[in-house]
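Put together the whole structure using the sequences plus the hints.
Same order as they appear, the protein sequences are chains A and B. Residue numbering for the first sequence follows our numbering, beginning at 3 and increasing consecutively. Residue numbering for the second sequence follows our numbering, beginning at 2 and increasing consecutively.
One or more of the hints may lead you astray.
Simulated restraints on C-beta separations [claimed, not checked]: (1) B/192 <-> A/87: 50 to 60 angstroms; (2) A/113 <-> B/139: 30 to 40 angstroms; (3) B/134 <-> A/151: 27 to 37 angstroms; (4) A/152 <-> B/381: 53 to 63 angstroms; (5) B/377 <-> A/123: 52 to 62 angstroms; (6) A/117 <-> B/377: 49 to 59 angstroms; (7) B/158 <-> A/117: 54 to 64 angstroms; (8) B/371 <-> A/87: 56 to 66 angstroms; (9) B/141 <-> A/197: 51 to 61 angstroms; (10) A/123 <-> B/165: 50 to 60 angstroms; (11) A/87 <-> B/62: 21 to 31 angstroms; (12) A/145 <-> B/169: 38 to 48 angstroms.
Away from chain A, derived, C-beta distances all over 12 angstroms, residues of chain B [said to hold, decoys possible]: (13) 120; (14) 167; (15) 229; (16) 279; (17) 321.
Don't read these hints as lab results, they were simulated from the structure. Note that CB positions come from ideal geometry on N, CA and C, so glycine has one too.
What follows is the residue order along each chain.
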Amino acid sequence: MAPERTRDQIIIDVQHVTAGYDSVAVIEDISFEIYRGEVFGILGGSGSGKSTLLKHMIGLYQPVTGRILIHGEDIVTAEGEERTKILRGIGVMYQMGALFGSMTLLENVRLPLEEYTDLPPDAMNLIARMKLKLVGLEPFVDLMPAELSGGMQKRAAIARAMALDPQILFLDEPSAGLDPITSAELDKLILSLAANLRVTFVVVTHELPSIYTIVDRVIMLDERVKKIVATGRPQELRDRSTNPWVRQFFHRDVAMASGG
Amino acid sequence: MTIATDVPSPCSLDARLSSDGAVLTISIWGRLDTYTTGRLCREALEKLLQSKPTHLVIDASGIVYCDGAGIAFLLSLQQRLTSTGGDVTIRGLHEEFRRLLEVYGSVSIEPAAGRHRESFSLIERIGQATLGTWQELRMLVAFVGELAVTFLHAARHPRVIRWRDAWVTAERAGIDALPITALLGFLLGLILAFQSAIPMSRFGAEIFIANVVGVSMLREMGPLMTAIVLAGRSGSAFAAELGTMKVREEIDALTTMGLDPVRFLVLPRLLAVVTMAPFLAVFANLFGLMGGALAMRSLGFPLVTFVNQVLTAVKVGDLVGGLCKTFVYGIVVAGIGCLRGLQTGSDGSAVGQSTTSAMVSGIVLIGIVEAIFSIVFYALGL
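Listed below in structure tokens is the structure:
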């Protein structure tokens, strides 16, 4: 059984959000909460609006309607210093890593510290090395991103996202394009960070092994209804959901959706 | 690290030195996070430098919040003392933060960030530069050879050329470049005329301004300016186009499909530029002469005088020689643009480097070709 949670444990509160591109709604009137310290999954098929929702949650796009509260502050309406404060409290790992190709790993991780803190250079180097050590990349601090494998780039991207010790980390398809072993290593890293640093993770994915391994609670989006069709623990949804689409997703069975 | 706390207090530090000067006690209160640690870090290091203790006691019982930066601060104090043979005791650190200290563990501070750069002597650097130039030259020769083979093959089998691509590129490199070429040609003619007007007037020889403009434009300035416009517009565009394709592995895809990138990508661009370059040069010449005519008109000479003077001064060989140069410039600009594109590395900044390199190399090669033509024309008495 999931532990009882109270309102004051909510770290992200998405309220009645409708969002999309060019007047075409991808998601309509969806609401959910994410609690402090949990690994939260946003699931759905291709085109269901997972990444769209994530981009709205991190303030890249403005929803058509609704509010997205992070630490109680609405990222949709926040401007100036208030918005910067919210953004400093979150870290994002993009699907392709998005490391700066002209900088070494150490310089990539140092960059947010240089921009936002007045730490002495030695301290910044130490923090950057600590973060890279945490993701197992300390021996490679002086390498350029192009010299790393895909999995290493993603781990480095996590280290950069953690540079300012955010309370929330958003991961967009962390396992995409990785082999099963590297993907499992990344899952282990996420679990370790969640347990040791008490970071709240919001993970967009459709990789079933990762979902079962790392995610505490999920919402499932369905592009046909543009809404959340299921919420709960992934194992429970797999075993007990009566929604044909949810069952199809977890059991990877094409026939189920049509009730076959 | 995210221990929830409502205490908004900034961090502060108090340092006390023992009576024998060996023990420094630093007491810290408040939030020790990414934004507050910087000032504290400087203060603490200053105290350490001043007092040079052998034992440091950090009283951490007053810390209400600590994140990675705070832990880095504690670790840096610890490492600084241990490196000089001292030792550190951390007292009263909250259990949550102590666990964080263990998670991060000990990470050594290395003095220099960034890639290690070896230093070389002047001789070594000259050697490296020579070697680099030699390799570059070899690559260029190999590319020219490959291009020549592909061209000869295409001449025997014209159907293998992607004429549609060549046509589109010709439109972009030629017709779209017409306004800028015409404008620059006109201005160049005007400038040449006015610049030569001052010395000519001293000898009462203003009439010969037309000779200067005519011969200069047709033999040198028209073709040269066309080549520079081509290098700036088309050469760099080819490098960016092919470079982006290289980064996106499209060129690898072509190769694995058995399609030769030189035939598929380089040849249409080369044909387009080589065909359009002489036309652009003719326009540059024409507008240059118009600029010269306008300048002469403003100096009081009628248009017919200018035309007659130009016709007597300029020979067909001047025009043909200029157009021959433009033809070669076209090969150089398109070839180097495509070569730089194909040489692009795999990271994001590589495309920018290729584009710049295409432009710079193009202009340098234009200069070299111009010098060769001058010597050859002189030797032939043209």
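Evaluation of the provided hints:
1. B/192 <-> A/87: 50 to 60 angstroms: Taking Cβ atoms as reference, residue 192 of chain B and residue 87 of chain A lie about 57 angstroms apart, which means the hint holds.
2. A/113 <-> B/139: 30 to 40 angstroms: Holds - the Cβ-Cβ distance for residue 113 of chain A and residue 139 of chain B, about 39 angstroms, lies within 30 to 40 angstroms.
3. B/134 <-> A/151: 27 to 37 angstroms: At roughly 34 angstroms between Cβ atoms, residue 151 of chain A and residue 134 of chain B fall inside 27 to 37 angstroms, so the hint holds.
4. A/152 <-> B/381: 53 to 63 angstroms: Holds: the Cβ-Cβ distance is about 60 angstroms, inside 53 to 63 angstroms.
5. B/377 <-> A/123: 52 to 62 angstroms: holds, 58 angstroms
6. A/117 <-> B/377: 49 to 59 angstroms: Since residue 117 of chain A and residue 377 of chain B have Cβ atoms about 57 angstroms apart, the given range 49 to 59 angstroms holds.
7. B/158 <-> A/117: 54 to 64 angstroms: holds, 58 angstroms
8. B/371 <-> A/87: 56 to 66 angstroms: Once the Cβ atoms are compared, 60 angstroms apart, the range 56 to 66 angstroms for residue 87 of chain A and residue 371 of chain B holds.
9. B/141 <-> A/197: 51 to 61 angstroms: holds, 57 angstroms
10. A/123 <-> B/165: 50 to 60 angstroms: Once the Cβ atoms are compared, 56 angstroms apart, the range 50 to 60 angstroms for residue 165 of chain B and residue 123 of chain A holds.
11. A/87 <-> B/62: 21 to 31 angstroms: Hint holds: Cβ distance 29 angstroms, inside 21 to 31 angstroms.
12. A/145 <-> B/169: 38 to 48 angstroms: Given range 38 to 48 angstroms: holds, Cβ gap about 40 angstroms.
13. 120: The claim stands: residue 120 of chain B keeps its Cβ more than 12 angstroms from every Cβ of chain A (closest is about 17 angstroms).
14. 167: For residue 167 of chain B, whose nearest Cβ neighbour in chain A is about 33 angstroms away, the distance exceeds 12 angstroms, so it holds.
15. 229: About 29 angstroms separates residue 229 of chain B from the closest Cβ of chain A, which puts it past 12 angstroms; holds.
16. 279: With a cut-off of 12 angstroms, residue 279 of chain B remains clear of chain A, as the shortest Cβ separation is near 40 angstroms.
17. 321: With a cut-off of 12 angstroms, residue 321 of chain B remains clear of chain A, as the shortest Cβ separation is near 48 angstroms.
Every hint, counting from the list given before, is met by this structure.
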